Amino acid sequence: KQEVTQIPAALSVPEGENLVLNCSFTDSAIYNLQWFRQDPGKGLTSLLLIQSSQREQTSGRLNASLDKSSGRSTLYIAASQPGDSATYLCAVYLVDQGGKLIFGQGTELSVKP
Amino acid sequence: DTAVSQTPKYLVTQMGNDKSIKCEQNLGHDTMYWYKQDSKKFLKIMFSYNNKELIINETVPNRFSPKSPDKAHLNLHINSLELGDSAVYFCASSHRTGHEQYFGPGTRLTVT
Numbered sequence: 337k338q339e340v341t342q343i344p345a346a347l348s349v350p351e352g353e354n355l356v357l358n359c360s361f362t363d364s365a366i367y368n369l370q371w372f373r374q375d376p377g378k379g380l381t382s383l384l385l386i387q388s389s390q391r392e393q394t395s396g397r398l399n400a401s402l403d404k405s406s407g408r409s410t411l412y413i414a415a416s417q418p419g420d421s422a423t424y425l426c427a428v429y430l431v432d433q434g435g436k437l438i439f440g441q442g443t444e445l446s447v448k449p
Numbered sequence: 036d037t038a039v040s041q042t043p044k045y046l047v048t049q050m051g052n053d054k055s056i057k058c059e060q061n062l063g064h065d066t067m068y069w070y071k072q073d074s075k076k077f078l079k080i081m082f083s084y085n086n087k088e089l090i091i092n093e094t095v096p097n098r099f100s101p102k103s104p105d106k107a108h109l110n111l112h113i114n115s116l117e118l119g120d121s122a123v124y125f126c127a128s129s130h131r132t133g134h135e136q137y138f139g140p141g142t143r144l145t146v147t
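First to last, the sequence lines map onto chains A and B.
In terms of the working numbering, the first sequence opens at residue 337 and continues consecutively.
In terms of the working numbering, the second sequence opens at residue 36 and continues consecutively.
Warning: the hint list may mix true and false statements.
As the list claims (entries may be wrong) - The calculated EDC-like cross-link candidates involving lysine to aspartate or glutamate, where the alpha carbons are at most 16 Å apart (straight line), are:
| hint | chain 1 | residue 1 | chain 2 | residue 2 |
| --- | --- | --- | --- | --- |
| 1 | B | Lys76 | A | Glu444 |
| 2 | A | Lys404 | A | Glu444 |
| 3 | B | Lys79 | B | Asp105 |
| 4 | B | Lys75 | A | Glu444 |
| 5 | A | Lys448 | A | Asp420 |
| 6 | B | Lys44 | B | Glu59 |
| 7 | B | Lys106 | B | Asp65 |
| 8 | B | Lys87 | B | Asp65 |
| 9 | B | Lys76 | A | Asp375 |
| 10 | B | Lys76 | B | Asp105 |
| 11 | A | Lys448 | A | Glu339 |
| 12 | B | Lys106 | B | Glu93 |
| 13 | A | Lys337 | A | Asp363 |
| 14 | B | Lys102 | B | Asp73 |
| 15 | B | Lys75 | B | Glu135 |
| 16 | B | Lys71 | B | Asp120 |
| 17 | A | Lys337 | B | Glu88 |
| 18 | A | Lys378 | B | Glu88 |
| 19 | B | Lys79 | A | Asp420 |
| 20 | B | Lys75 | A | Asp420 |
| 21 | A | Lys378 | A | Asp420 |
To be verified - Cβ-to-Cβ under 7 Å is the rule here; a few derived chain B residues that face chain A:
| hint | residue |
| --- | --- |
| 22 | Met50 |
| 23 | Phe77 |
| 24 | Met81 |
| 25 | Pro140 |
| 26 | Gly141 |
It should be emphasised that the hints constitute simulated quantities derived from the structure, not laboratory data.
Please read these numbers as outputs of a predicted model, since none were measured by experiment.
Quick reminder that beta carbons are idealized off the backbone N, C-alpha and C, glycines included.
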């Protein structure tokens, strides 16, 4: 059974810091991995999607890496800003189960001005 | 230009009632999903439809019945609501299974 774990559960940093959020999964037979952002009381916004054949994806100040063999992904946020404060969720797509997306519990990020 | 929309945004109802949540996507996607986010913020898939056909039914009580009248709509009907059904329900869509998923704003259901 696929399990997705995110560490840390919460993180507080001063503005301007570079930071790394971690995601691990137990079964490496994934189709892809997707990082989302969720603001309080809002829906999820897709940030980056990494195919299982890729090592990383970049969008602006965000860089996501994937090491499928070790079951790990990281989301790197450069020069953090107060507007980055949100919960970040990673999710893996399982091909052999009808395309099911399995979520981690999220990392709640707070960036202090 | 809302991509995935849900109605209503908030729903407060009493135990035993029947209620529906509607979802529409204007992205031209083939696949739609319902997720439940519990009080601990954990998101779990409930159902998935591809071209109006059910492809995932994740051991959800049969009080929950999804209905897809066409590719752009996936509604969720819940019978005999229970306290434990209180949660935020999210609809999502993707071009096809395995592709990037786009989420709606959520419907916060409170059962009293």
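Verification of the supplied hints:
Between Lys76(B) and Glu444(A), the direct Cα distance comes to roughly 11 Å. Compliance with the 16 Å bound is thereby established for this hinted pair. Taking the CA atoms of Lys404(A) and Glu444(A), the gap is near 24 Å; set against the 16 Å cutoff, the hint is violated. For the hint linking Lys79(B) to Asp105(B), the alpha-carbon distance of about 24 Å lies beyond 16 Å, and the restraint is violated. For the hint pairing Lys75(B) with Glu444(A), the CA-to-CA distance comes to about 12 Å; that is within 16 Å, so the pair holds.
A distance of roughly 10 Å separates the Cα atoms of Lys448(A) and Asp420(A); the hinted pair therefore holds under the 16 Å criterion. In summary, the hint linking Lys44(B) to Glu59(B) is supported, as the alpha carbons are separated by about 13 Å, within the 16 Å threshold. Between Lys106(B) and Asp65(B), the direct Cα distance comes to roughly 6 Å. Compliance with the 16 Å bound is thereby established for this hinted pair. With a C-alpha separation of about 8 Å, the suggested pairing of Lys87(B) with Asp65(B) holds against the 16 Å cut-off.
Between the alpha carbons of Lys76(B) and Asp375(A) the distance comes to roughly 12 Å, so the proposed pair stays at or under 16 Å and holds. For the hint pairing Lys76(B) with Asp105(B), the CA-to-CA distance comes to about 30 Å; that exceeds 16 Å, so the pair is violated. With a CA separation close to 31 Å, the supplied pair Lys448(A) and Glu339(A) exceeds the 16 Å bound. For a cut-off of 16 Å, the pair hint linking Lys106(B) to Glu93(B) is broken: about 20 Å separates their Cα positions.
For the suggested pair Lys337(A) and Asp363(A), the alpha carbons sit about 7 Å apart, so the restraint of at most 16 Å is met. Between Lys102(B) and Asp73(B), the direct Cα distance comes to roughly 22 Å. Violation of the 16 Å bound is thereby established for this hinted pair. Our distance criterion of 16 Å between C-alpha atoms is broken by Lys75(B) and Glu135(B), whose separation comes to about 24 Å. Between Lys71(B) and Asp120(B) the alpha-carbon distance is near 9 Å, which keeps this suggested pair within the 16 Å criterion.
Under the criterion of a C-alpha separation no larger than 16 Å, the hint pairing Lys337(A) with Glu88(B) is inconsistent with the structure, at around 25 Å. Restraint check: the Cα-Cα separation between Lys378(A) and Glu88(B) comes to about 28 Å, which exceeds 16 Å; the hinted pair is violated. At most 16 Å may separate the alpha-carbon atoms for a hinted pair to count; Lys79(B) and Asp420(A) exceed this at roughly 24 Å. Taking the CA atoms of Lys75(B) and Asp420(A), the gap is near 21 Å; set against the 16 Å cutoff, the hint is violated.
For the proposed pair Lys378(A) and Asp420(A), the alpha carbon gap of about 14 Å is at most 16 Å, so the pair holds. Against a cut-off of 7 Å between C-beta atoms, the interface hint on Met50(B) is violated, since the closest Cβ of chain A lies about 25 Å away. Nearest Cβ of chain A to the Cβ of Phe77(B): about 6 Å, under the 7 Å cut. The hint holds. With a least beta-carbon distance of about 11 Å to chain A, the hint placing Met81(B) at the interface is violated under the 7 Å criterion.
The interface hint given for Pro140(B) holds, since its Cβ lies 4 Å from the closest Cβ of chain A, which is under the 7 Å cut-off. Look at Gly141(B): its Cβ gets to within about 5 Å of chain A, closer than 7 Å, so that hint holds up.
Of the numbered hints stated above, those contradicted by the structure are hints 2, 3, 10, 11, 12, 14, 15, 17, 18, 19, 20, 22 and 24, listed in ascending order.
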